[in-house]
Amino acid sequence: MRNTPVLVDPTGEVEPARREPLARPPSLDGRTVALLDISKARGDVFLDRLHMRLDERGIEVKRYMKPTFARIAPIAVKQQIASEAALVVEGLAD
Amino acid sequence: MGVATTEFVEAWQAQSAALGYEPPMIFVPHPIQDRTDAEIQALADAAVDEIVSRLTA
Amino acid sequence: MTKQLTLVVKRDCPTCTLLEPVYAALAASGIALDVWTQDDPAFPESVSGALDEGLERSFRLGVEIVPTLIRREDGEEVERTWGWDRAEWERLTGLEGLGADLPPFRPGCGAKNVEPGMPEALAARFGSARLKSRRVPLAPLEDEIEAAYERGWSDGLPVVPPTEARVLAMLDGTTRDPGEVLGLAPPNLQPCTVEKVAVNAVMAGCKPEYLPLVLAVVEAALDDAFCMHGVLATTYYIGPIVIVNGPVRRAIGMNAKGNVLGQGNRANATVGRALQLVVRNVGGGKPQGVDRAALGNPGKYTFCFPEDEEGSAWPPLSESRGAGKGASAVTLFAGYGVMGVVDQDSRTPEALVETFADVFRGLENRNRRNIDAVVVVSPEHDRVFRDGGWSREDFEVALRTALHEPGHSTPKLREGGLLIVRAGGGAGMFSAILPGWAATGPVGSIPVTKEVGT
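Top line first, the protein sequences correspond to chains B, Z and D. Quick note: the first sequence uses the working numbering, first residue 250, plus one each step. Quick note: the second sequence uses the working numbering, first residue 963, plus one each step. Quick note: the third sequence uses the working numbering, first residue 235, plus one each step.
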């Protein structure tokens, strides 16, 4: 493995240097939650139930699926989720 | 965020270190594949509050 | 006083191997001697030496040629010689008859620590303690350029990854201390050090020799008169426009001729970009954050150009604004552009200035008043003014007179707010107006001129 590169921080250093997840919304009102099935056996049972529970809470849900758990999601799937949903829950391993 | 079983805690830590990024994860009890539907649904019911809270600030 | 000698040699240098009898004589003299060998720990054979592991000692001593012989008194270096020059070695050591059987003179060889690529690598390895900035270790699978995007350091275009070696090489471009604070970078008012400017200059793609110019640009931007916070935060189109005068333009190869306001010249492009990256990264000013521009303008990636002083009959803009004659200087203007002034007919200054006035009258809207602007006069329009014998002042007075409207108490152009420069080329009877901010003068941004240091 190559040496891990080290960069010099160009910022005013008021924020942590590591990559932070995007800010979370204060609530799910009016936002669509994507459920991404990674195509592992019986993950759909879990996601179906989660879908039902989110429906009960009035949360808008859309379903997506990776063709195989063995590879990262195709760009088309990622772009579709990014266009249609504000948040994503990915599962289920194993 | 992601949902995985407790067997994947170390895999998540290794992958996070490799990518320099820690996505939110919750872990449900392992295993999944040999459980009955009712058992899996119970796992989902138990996780739903935590999932919603991790999706919001 | 205690005399000490330090000797740096390598086996792979015929001059070094020739001098075995001299090394033996030094060792026998009783003078304290330490010997560092760059390649073979078994060399020299006539005295015991130590291998210079990783070439750290050679780097710290600044050795360029082997053999190098250094004389110290009480630990402090007094003088050094390199290569073989018997008279010099005898004088430096105080010993006589050194290498009596050898030729009196032999040139040395290049030291291993100055072989291509080595100075940068050694500087990063042993000199990085100079840098005070936080280090950001990347994860094993991260690409450096993608990492800069992920961390929000980029303006949208790829940046050069700011490695320690690159930042140290950049800092070699200035005599100033890396820790010197140039001012507080808006909007977060973070201390902007020479080092932080160097890091962002690396990312912008600058060469080290651009750094003194970039430092002057940043100093001008942080001058309170320029009002960088407001220039950033406004909903208006504007961003900082950098105009360069003086010898630095040609020294670093800036383009003042054809396509002067366009793409293609490294110095023009990267100096302006470095300022934008400083504001973004050190100051934390980002679009849709504190930067509230409704539309912005493409010059907010970079907008920097030199005046074509050689092609102009007028004194440099910087001199007209108080900079020293012949000095390198930058002028910062808060503006956008480019508005065309097209006139392919006028052959007298009087007729041509009327075309400029005509464009100004409707600029932004007919009722806009008290605006600032840069006028970039192209060579073929400059020729008309030159042939008519007009100075820069003649042009400005005529323009203001043409723009005077009896019904308005406030002039179209703010007094002191007009900057006239000469650039571009060769053919094309097209000049340009770069309009300024809605908030001009003391209530907004005032153009700032700073001389370039070292």
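Just so you know, the hints here were simulated from the structure itself, not pulled from any lab data. Warning: the hint list may mix true and false statements.
A few chain Z residues that face chain D, going by a derived Cβ cut-off under 10 Å, partial list only [to be verified]:
1. S978
2. L981
3. G982
4. Y983
5. P985
6. P986
Glycine residues also receive a C-beta, built at the ideal position from the N, C-alpha and C atoms.
**Message:** Need the list of violated hint numbers for this structure, in ascending order.
**Reply:** 5, 6
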